[in-house]
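Trainee: The chain contents come next:
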Amino acid sequence: MAVKKNAPIVPNFGDDEESGRKLAIICSKGNLDMAYPGLILANAALGEGVETHLFFTFWGFDMIAKKRMNDLKFSPTGNTAMHMPIGDIRVPQALAPVPGMQAVATKMLKKQIADLGVPEVPDFLEQIVGAGGHLWACRMSADMNKYTEADLRDDVEGIISASDFIELTAGAQLLFI
Amino acid sequence: MPVTTLLDREIHVDDEGFLTVYDEWDEALGAELANQIGIEMTDEHWSLIRFLREDFKEKGETATTRRVQSAGGVPTKRQFELFPKKPAKKMAYIAGLPKPHGCV
Chain A
1 MAVKKNAPIV PNFGDDEESG RKLAIICSKG NLDMAYPGLI LANAALGEGV
51 ETHLFFTFWG FDMIAKKRMN DLKFSPTGNT AMHMPIGDIR VPQALAPVPG
101 MQAVATKMLK KQIADLGVPE VPDFLEQIVG AGGHLWACRM SADMNKYTEA
151 DLRDDVEGII SASDFIELTA GAQLLFI
Chain B
1 MPVTTLLDRE IHVDDEGFLT VYDEWDEALG AELANQIGIE MTDEHWSLIR
51 FLREDFKEKG ETATTRRVQS AGGVPTKRQF ELFPKKPAKK MAYIAGLPKP
101 HGCV
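Taken in order, these protein sequences are the chains called A and B.
Positions 1 to 177 (the working numbering) are the ones given, in order, by the first sequence.
Positions 1 to 104 (the working numbering) are the ones given, in order, by the second sequence.
Be aware that one or more of the hints could be misleading.
Straight line, CA to CA, 27 Å or less: simulated DSSO-like cross-link-like pairs of lysine-lysine [unchecked claim]:
#1 B:LYS77 - B:LYS57
#2 A:LYS22 - B:LYS85
#3 B:LYS77 - A:LYS67
Treat the hints as calculated values from the structure; they're not laboratory data.
The following block holds chain A by itself, in its conformation from the complex (with noise of 0.2 Å):
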């Protein structure tokens, strides 16, 4: 690379350029676990300079949901990569359904997620969208909870139909979660 003579080095921030690059990023879970990938991949992407749309559907529509977003669960039944905090020792499943696992498992969760100062899913998504974000909530989905703009955030742009996601998001990378 030719660099001219005592020009200063300076990080390129690719301000200069277009890069069009687009993100779209469907959330298709509810589980608080399966929630943070999406958010976590979504809030990088917009502090990198990328235009960014998240489609909420199905168990996913409980992020945006007034009623549900503050109570995602996050249990171990069904999942074998659970271990205990300490120590490398994995919960049995036999007792992964045990009555009280599911809320012990989601207060440890959290709490794990807030030490690393992570916010909970509400804040995080006002934090998306504060950083130019867009949210968009799936027609069908709606129509099965019989739910309607008034029952989520105030901050989804519309409850739109899958193709009118495919034709807003044209060109864009596209993770499934």
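We have chain A; now place chain B onto it with these hints.
Mentor: For chain B alone, kept in the frame of chain A given last:
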């Protein structure tokens, strides 16, 4: 480690140009770094940069946008307005700190 010259001073930087020596920075240099990346500094910009400097001294790592919101009290949205497109990296650069390592 590359050395570059700004304001007639020799500054240690990484391959991208982020400063690597905390004490080589002062506000005059910060203003020049901002100038290099086209940011016009206001008091509001400076208060964020000062927060980042103090927080790094205390924590040993560069604050992420989330931390600038939760501990520094400036909403992410405002950070994007002040340092467009890539606020975390731009704030770190002007503050003479490494890029933040945290995911959120």
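Trainee: Take the hints in turn and mark each one as holding or not.
Mentor: Taking the hints in turn, this is what the structure says about them:
| no. | hint | result |
| --- | --- | --- |
| 1 | B:LYS77 - B:LYS57 | holds, 25 Å |
| 2 | A:LYS22 - B:LYS85 | holds, 13 Å |
| 3 | B:LYS77 - A:LYS67 | holds, 25 Å |
The earlier numbered hints are all upheld by this structure, with none contradicted.
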